[in-house]
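Visitor: Chains as they are written, first to last, in the numbering used here: chain A, 873 to 1836; chain B, 145 to 438.
It is worth saying that the hints were derived from the structure and are not from the lab. Source: prediction; values computed, not measured. There are no misleading hints in this set.
With a cut-off of at most 30 angstroms between alpha-carbon atoms, the simulated DSBU-like pairs for lysine-lysine come out as follows:
1. A:K1705 x A:K1809
2. A:K1606 x B:K243
3. A:K1650 x B:K324
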Amino acid sequence: QGCLQRISRLLCMMESVGLQRSLDSYAAVLECLGRSQSSTQAVWRCLQQLKNDGFHVDDLFQKCLFEEDEKEMVLRAIRIVQPNYQLPPPPSPQTCKSSLLQDFYSKERMVSYPKLDFSLWMELDNTVTIESVESTKPLTPQAMRARSVLSTLRSRWHGALLQALHKSKRSMAKLRNTSGYSTLYPYLCLLPDEEYVGIMMQIVNSLSPQGESLAVLARELGSKVYNRYITQRKLRSRQLEKVRAVYEGYIHLLAKDSQPEEYLPREYWEKLVAEAGFGPALNLKDCSWPYMLLMRLGMHMLELLVEALRVPRNILNPRLEPRLIPVLYHIYSFHSSWQVGLIKPHPIFSQLVSDAGETLLTFNSSAIPMLCPPVPWTSPHFGAYILSDTKLMRFVEGVVQHQQLLEQCPQVQLHPVLDALNQLGNCAWKINRPVLDIIISIFNDKGNEKLDIPPPVSEVPRPSAPPGSSSSWSKAHKQELLLYKKKAAEVHSMRMDALYKLSIANHVRDKVFWFPHNMDFRGRTYPCPPYFNHLGNDVTRAILLFAEGRPLGPKGLDWLKIHLVNLTGLKKKNSLQERLEYANEIMEEILDSADRPLTGRRWWMKTDEPWQALACCMEIAKASRSPDPAAYISHFPVHQDGSCNGLQHYAALGRDLIGAMSVNLMPCSVPQDVYSAVAQQVEEFRKKDAEQGVKIAQVLQGFVSRKVVKQTVMTVVYGVTRYGGRLQMEKRLKEIDEFPEEYLWEASHYLVKQVFNGIKEMFSATRDIQHWLTESAKLIAQSGQTVEWVTPLGLPIVQPYYRSRSTVVSTWLASAVVGPRRVWVGWKPDTVKQKNAFPPNFIHSLDSTHMMLTALYCLRQGLTFVSVHDCYWTHALTVDIMNQICRQQFVALHSEKILQDLSQFMLEKYCRAPLLICFSSGSSSPGRETRAQWQKKLMEQLSNVPKTGDFNLKEVMDSTYFFS
Amino acid sequence: GPGVLTRTLLNAGVRVVALESNSAFLPNLQSLENSLDGQLKVIYGDFFRLDPLVTGTVKPPALSSDKLFESMGVAAVPWRADVPVKVFGILPQVRERNKLWRLLFALYECSSIYRCGRVELNIFISEKEYKVLTSKPGEAKAYQALTVLWQVGCEIQLLHKEPWSSFVTNMKSRGLAVQKTKWLPNDHLCLVRLTPHQNLFTGSLKPTNSATFIFMVKQCLAKPRSKLTDRLSSWSLDNGGKLLRELEIPQNAETRDLYPEDYRRLFEALQNSSEFAETWFNDEVMESIRNINL
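Construct the complete structure from the given sequences, taking the supplied hints into account.
Guide: So, in structure tokens, the structure goes:
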């Protein structure tokens, strides 16, 4: 506000504790000078100091984030001494130079975007309220009564909360005057009181009858306040206005009347921002609140809720004496050695809510799919939603390392990842209405557990209650009632989940919509809306269609049929041709399913993925009945799955010949099954041992099968240990009735050993690589550092596993234990996790790289592409092209020197600055060894890259069943 | 083990029923049984797997207390009568705390061994648990829900203290399998006698409502430094202040300040004022039983 004195005092304080002035400090001083129209001398002195600290005046406008009129004020100050100063030109765009993307970025190129009809729609509210799919049910008089009671109560509670908030703020303010300190007070003054009350009321309305843990509720309340505050800031600083202006220009790129463009979405956005002269001002200064603050604020609000909300005890039963009782109560739940604080609604309130059957659902606006294309990611903190803050990388609460790493790396290095996420987010979707209607009709009837439509709680059979108070019931009765309650709670939560999904789908049933994407720390991508998205279960996937339609083309109908057979789970061992023939054989069943889904022979219900199968049957029926199936416009996504994708990457890394063959990296006439191959190998070992008189090998005769080994083989990729593997085996053997129980331990022990041996035999280099990764991570973590690497696409990764302790937030009501995994102890790495998780994380970073490469090259070819990790979706027309790109990119990725590059990177990172290594204490640490020895050991380990086999990677190009 | 307890008891001349959970030791014990002319009876079974909670047939060494008492020839006596059976044993260190809890539930429900009356336990427990069982209000860390409930339920006498060093070491690690403790001493194994109080069920505390009492005590002492009034009001029991005045408990008392007997009085007062008739409290009690019975 132009008060130079205060700023000077702040700067002095900074200096006294040895803090350097940053560019932002200078921006603040200059802003103040500009505002107060200061003397030339003062400005001159300031600019001189700025230069002495190694900054340049242009830096101010290129790097600082300004809000409101801050930028103009800084400029005014500078022009006091340099009247002719001009703003620096925006930096020229840089292009990524990764060898994997040379073709993608350097070609003379045009990108065509699907032409879609949509209207500009922006979410401007933090929450969205929609009708639930249950609203079509008729309203009973009882429900009407309950609704009116509830609404009276709510308005009373609103007043009570407002009063309680005032009171608590007053007492805090008083405290502030006397002791001068209250951490929470400023955070209770950021929003109008009404908004705090609104947020609290939302929590009450969404509380489930089973209650919720204190920590979860507190966090939710805290972050709701935070989000609301951020929105307010965006509005006030005119940031939203600027984004809106750019966004309106941006969507022309994707609108129905646009031409192929030479810009990628990100580039186009950056161009528009530069043209508008906004610079980096589109971002808000980062101001996320610490976790502890969110918790304290939330706990305080919870206290107000518990204190203020009261309900007349006789509201359901007028014969009781009228007395006000609290609506929420707090108790502890005990689980062996720990206890959790819970907030539960009083049964009277739960009963009212259930009687009222209210049909409006309120969501955070980021939980609903976007009704216009997402804002493209242009930096690690800008993209996706217009209003809600979204992070490029999901992270564990409190971990800041990912964001730091992303911000520190050259931004051009992130372009491929940003562009891939933009491509995934730009896929437009629509609802498969006929399928949705069938699902809703079953949902609103009684549900169907077999078809994965959860029934309402009223369908769970209730045990008859014996007379007398519950304390006098027999043990058997109590037991029965407990089982009922447990089942009812499970059914309730599944029912609510389905209700949310279906209601959101129904809400957008006539619209085109988008799922903005972000990723986890390994680069695996996820849609941001949590309930309804294409990563969901069979039911949700079945109601999604691409908004854009494409003709089937000559082979499209065949692909639809093959896709249908894949969804049934039958014919897994047969060739594509045989699957197609099978589909043609059962054409009659397919058409019957499509025409009379609920009244016919219902073939679709017996398949592995019934709802997707039904949707596919309907599509096949429509296509095959159209006069020219090749010209039939299809919106249907066809999936191609990687077969045991983790092992595929391992086998390619190690060039393991036998391994590569068993996971379909080699062309073959029928799909290979790695689980059967391992089972076969184990059986061979067993036979040999049995002949040599090993007792347990003889006992196991006839019990070694694909089913027994499958889970263990699958999880080997994810670093399952012998211990875990044995437990899995034991479970499988227990399922076999004939297997003698007394041998369980010995047999599972033997089997897991042989499975590991079998894998070692088939994937010899794979096991070496796994071992190398594990050992390297162990040494790195023991030296007190976290494991970091960079994917071939340039994404920097750090494993977020640190030693932590829990901290307690206390109030009169209760103390919520924050953590474990919440408060980090000096950022010391958790050695065991760093070590065990490295191989699977590394492999996931590779599979995500492969997916992103495929996504980018599909964009170049004009394909629609989305993924569910290792399952790729596109139109039937373009399956063949996608398959080809997918193989090309796999070969290209593994033709890079991935392990050598990793070794090189880690040597530079961990062996260059020996003095910086701090040793962790503890029994496993290398306390007795000297640093030099330790350094040498690490260096040897990291440079000793495992040898690879002689599989010829190019073979992948011709492998039909690599992804199928 | 080598049967120190059994031999001592036999030498004292009493009738002994020995429960042996390891079938490897059975033959020797059985030959001893045959040579003793009825003074010793050997049964294959594990005292700590009495009356398992899983439904279905009970497979040895698990066994049901009904069958056990039947084969011992012990008939149930009223609660106020004299001790019908004395039990001697050593509480295994593995999940020792859980075993103490299970015994406690059986005591308050009058189920399992307590079905035939006030069975007296003479058991070796670790010193740290002994300290918990016998601690006084306000003793930080030691005064817990377990303390209150055992002290309300039983008379607790220390019969003997034996240093850990008198015991055979664990073969594998050459050390004792004794838990290290931070707050409480744990250098001995303590032989304690737990005799159920004759008047345990004379007031309004009954085997049928005792689960509510246990639940209430656990809830109060989940956070020992919380104020009792806050606890009461957080359960939506609104007139807690009046109740405390009647019981002459100070308004600012923390839950760790209350004597075991105070908790009993509080419970009986709540029981009489029909506060617990509110449905949710009973539901929560049932819920908690499920967690306890793990």
